[in-house]
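Sequence order for the protein chains is A and R.
In terms of this note's numbering, the first sequence opens at residue 1 and continues consecutively.
In terms of this note's numbering, the second sequence opens at residue 1 and continues consecutively.
None of these hints come from the bench; they were simulated from the model.
Only a predicted model underlies this, so the values are computations on that prediction, with no experimental measurement involved.
One should not assume that every hint holds.
Computed list of lysine to aspartate or glutamate pairs in DMTMM-like fashion (alpha-carbon distance at most 25 Å, straight line) [as the list claims (entries may be wrong)]:
1. Lys421(R) to Asp16(A)
2. Lys387(R) to Glu92(A)
3. Lys93(A) to Asp361(R)
4. Lys369(R) to Glu66(A)
5. Lys387(R) to Glu101(A)
6. Lys68(R) to Glu58(R)
7. Lys369(R) to Glu355(R)
8. Lys387(R) to Glu66(A)
9. Lys387(R) to Asp104(A)
10. Lys418(R) to Glu92(A)
11. Lys93(A) to Glu384(R)
12. Lys28(A) to Asp372(R)
13. Lys306(R) to Glu462(R)
14. Lys93(A) to Glu401(R)
Only some residues are given here: those of chain A computed to face chain R with a beta carbon under 8 Å [claimed, not checked]:
15. Leu2
16. Arg18
17. Gln22
18. Val23
19. Pro25
Cβ pair distances, simulated, as ranges [stated by the list, open to error]:
20. Lys37(A) to Glu440(R): 57 to 63 Å
21. Gly9(A) to Lys369(R): 24 to 30 Å
22. Gln22(A) to Asn366(R): 31 to 37 Å
23. Ala358(R) to Phe110(A): 51 to 57 Å
24. Lys369(R) to Ser108(A): 33 to 39 Å
25. Val420(R) to Gly9(A): 29 to 35 Å
26. Ile360(R) to Arg10(A): 28 to 34 Å
27. Asn366(R) to Gln143(A): 39 to 45 Å
28. Asn366(R) to Gly81(A): 47 to 53 Å
29. Gly9(A) to Thr351(R): 41 to 47 Å
30. Gln22(A) to Lys369(R): 28 to 34 Å
By construction, the Cβ of each residue, glycine as well, lies at the ideal position given by its N, Cα and C atoms.
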Amino acid sequence: MLFLVFQIGRNRYALDSRRVVQVLPLLKLKCLPHAPKGVAGVFMYHGAPVPAVDLSELTLGEPAAELLSTRLIVLDYPGSGDQVHLLGLIAEKATEVIRREPRDFVDSGFNIKAAPYLGPVLVDSRGPIQWLREQHLLSQSIQQLLFGSPALLDSAAAAIQELPSG
Amino acid sequence: MTISQRMNVALLSMIVLMLAAVGLAFWMQASRVGANLQQQRLIATNDRICYDTLLIMETLRALSGDPKNESERTRLEEADRNLRAVLREAQDRYSDYAELSASLKAISEFEAGTAPGSLGSLQARVLEVADSDPPNAAALFNSNHRDTARQREMLFRDLAQQVDHAGTAISLRGHNASVLGVAGILVILVVSLLIGRLQFTAVAAPLLRLASGIDQIRRGNFANRIALERRDEFGTIGEGLDRLADDLSELVGQIQRSGAQVNTSAVQLAGKIQDQQTSAREMASTVERMAAATKQIGVTARELAKTMNEVNRVDERTADLATGGTAAIARMEAAVKRVMEASASVGAKLTALSEKTASIDPLVANIAKVADQTNLLSLNAAIEAEKAGEYGLGFAVVAIEIRRLADQIGVAIYDIEKMVKEVQSSVAAGVTGMAKFAEELGRGGEEIGAVGSHLTQIIQREELLAPRLQAISENVGGQLTDAEDITAGLAHLGHAVERTAESWRQSHTVVDQLNAATLGLQSSVAKFKMNNTPVPPHYSSGSGTGI
Numbered sequence: 001m002l003f004l005v006f007q008i009g010r011n012r013y014a015l016d017s018r019r020v021v022q023v024l025p026l027l028k029l030k031c032l033p034h035a036p037k038g039v040a041g042v043f044m045y046h047g048a049p050v051p052a053v054d055l056s057e058l059t060l061g062e063p064a065a066e067l068l069s070t071r072l073i074v075l076d077y078p079g080s081g082d083q084v085h086l087l088g089l090i091a092e093k094a095t096e097v098i099r100r101e102p103r104d105f106v107d108s109g110f111n112i113k114a115a116p117y118l119g120p121v122l123v124d125s126r127g128p129i130q131w132l133r134e135q136h137l138l139s140q141s142i143q144q145l146l147f148g149s150p151a152l153l154d155s156a157a158a159a160i161q162e163l164p165s166g
Numbered sequence: 001m002t003i004s005q006r007m008n009v010a011l012l013s014m015i016v017l018m019l020a021a022v023g024l025a026f027w028m029q030a031s032r033v034g035a036n037l038q039q040q041r042l043i044a045t046n047d048r049i050c051y052d053t054l055l056i057m058e059t060l061r062a063l064s065g066d067p068k069n070e071s072e073r074t075r076l077e078e079a080d081r082n083l084r085a086v087l088r089e090a091q092d093r094y095s096d097y098a099e100l101s102a103s104l105k106a107i108s109e110f111e112a113g114t115a116p117g118s119l120g121s122l123q124a125r126v127l128e129v130a131d132s133d134p135p136n137a138a139a140l141f142n143s144n145h146r147d148t149a150r151q152r153e154m155l156f157r158d159l160a161q162q163v164d165h166a167g168t169a170i171s172l173r174g175h176n177a178s179v180l181g182v183a184g185i186l187v188i189l190v191v192s193l194l195i196g197r198l199q200f201t202a203v204a205a206p207l208l209r210l211a212s213g214i215d216q217i218r219r220g221n222f223a224n225r226i227a228l229e230r231r232d233e234f235g236t237i238g239e240g241l242d243r244l245a246d247d248l249s250e251l252v253g254q255i256q257r258s259g260a261q262v263n264t265s266a267v268q269l270a271g272k273i274q275d276q277q278t279s280a281r282e283m284a285s286t287v288e289r290m291a292a293a294t295k296q297i298g299v300t301a302r303e304l305a306k307t308m309n310e311v312n313r314v315d316e317r318t319a320d321l322a323t324g325g326t327a328a329i330a331r332m333e334a335a336v337k338r339v340m341e342a343s344a345s346v347g348a349k350l351t352a353l354s355e356k357t358a359s360i361d362p363l364v365a366n367i368a369k370v371a372d373q374t375n376l377l378s379l380n381a382a383i384e385a386e387k388a389g390e391y392g393l394g395f396a397v398v399a400i401e402i403r404r405l406a407d408q409i410g411v412a413i414y415d416i417e418k419m420v421k422e423v424q425s426s427v428a429a430g431v432t433g434m435a436k437f438a439e440e441l442g443r444g445g446e447e448i449g450a451v452g453s454h455l456t457q458i459i460q461r462e463e464l465l466a467p468r469l470q471a472i473s474e475n476v477g478g479q480l481t482d483a484e485d486i487t488a489g490l491a492h493l494g495h496a497v498e499r500t501a502e503s504w505r506q507s508h509t510v511v512d513q514l515n516a517a518t519l520g521l522q523s524s525v526a527k528f529k530m531n532n533t534p535v536p537p538h539y540s541s542g543s544g545t546g547i
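Please construct the entire structure, taking both the sequences and the accompanying hints into account.
This is the structure in structure tokens:
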């Protein structure tokens, strides 16, 4: 299995590459007013508005550093029922893929209620890598906000259309 | 009225009052005794009447039995006579008591009357029968004497009652007299007390006022006057004391005023002396400062003389050195100029290097961007290959290789960037260092030039200076002796000032003593209280004329 590796703060995390649609350089985002902490804004992907979540801000409370290595990962986010939504994740140092089997990951032994997205852990020569369960990443209220009202995203998309392309 | 007249009158009135009281007491006693006597006499009269009446009855009884008994007849006549006399006397004496008189009159009628059953008729009938018919006399007496005895008893009872009434009246009169007497004595007592009181107030009140006035004067309070306003001896004494207080008050007032004036003068004198002392002290300190300054001048002049000598010597040597120095400085100037030219060329070269390294920056940035793009591309390729499953395996390997290559390029670029930055910073430091060096050199060259020109000027001036220095040296020597003279003079002046200050201090002590003395005088006079009498004009102008 192929995993996309990135960092949140100083720690490395892995994401199942089958969920990843594409890795993009950091784009200009339309910010959503009154959005909860961690929701960075909306960007256009193939003509459709896609919400983006800053992992660093979501988990640590500080926005990700604006570097070349900080990238926007587009992935399929499983919604209610069979619905699948596109979701952008802003992640630092998203420059590497690794090939490992799921059994190489060991259960961390911790089960933090506030962070259900933290999965088992793998250790390589540079230290531990934790599997990030993307489907548990967003809380119910954020999901409701991002995917519950398409009108919001559409209005944000209209705002993005007006932005000068950069 | 004088005191002695007043005393005499009081004494006489007291004697009269005492005599009156004694007379009253005697009168009281006499009336009481008289009443008693009268009462006793009344009782005795009553007894005599009863006795004589009974005796008449008894002799009649005896005569009725024995009409020839002459002694009984004599006794009867005697008793009859006695009774009449007693009755007449009693009627005369007690005519004031109407009821008693009536009772007595009834008894005398009973004794002398002719009414049937009365003693008179019984006596007349018994004597007549005894003379005419002696054996029937006793029977006549026995048949009639009961009626007579009953009448007699009634009369006696009435008489006894009236006597008792009269006695009570008499004793009441005596009692009234004694009550009157006691009242009179009480009145006399009150009057004598009043006289004593009047006398006391007439004598003691002015005496007390005199005593208090004397006491006030003794305490030194002349504010009050006694002012008795009497025409007797007390009035005279009070007037004398008031006049004495007036005199004393005036005298003390003069003393107080004089004391205050003397004190004011003393205080003013002390103040002036203080001022003069202060100015003397200031003068002394000024002299001291002047002396110190002069001493300083002397020392400075001495040092100046010494310095002048040295300057003379240095001046000679400087002239030699300056001549040598000018040549050396000319050589140094030429050398500095050459160094400056060399450093300018180094600076130009460094600037060129800095510009070239700066042009590397955008190239490096471009390469970095390309590497980033390549990395991104390889990531997406790998992910796509993975999604393609078996078919994408070979492609995935290629993608991973591409990514590795891109990463290596990234690391290399990072190193190059760092190196270029270091070179840039060191070149920049070199450029600024060279600029500073050149600046310093330029300033050094200027200074060297300035030093050269100064040296030339020094040499020129030194030649002019030498004779002047000599003249100054001589002048300084003269000043030194002058300063010493001044110092000595000032020392003398200082001593004189000190002596003056000392004498002022002594006079200050004297004035202090004077001040203390006047203060003592004032405090001893101050205890006298005065009326606010206006100051006579001749006291306000002169000092001490009142004493």
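Check each numbered hint against the structure and report the violated ones by number, ascending. 1, 8, 22, 30
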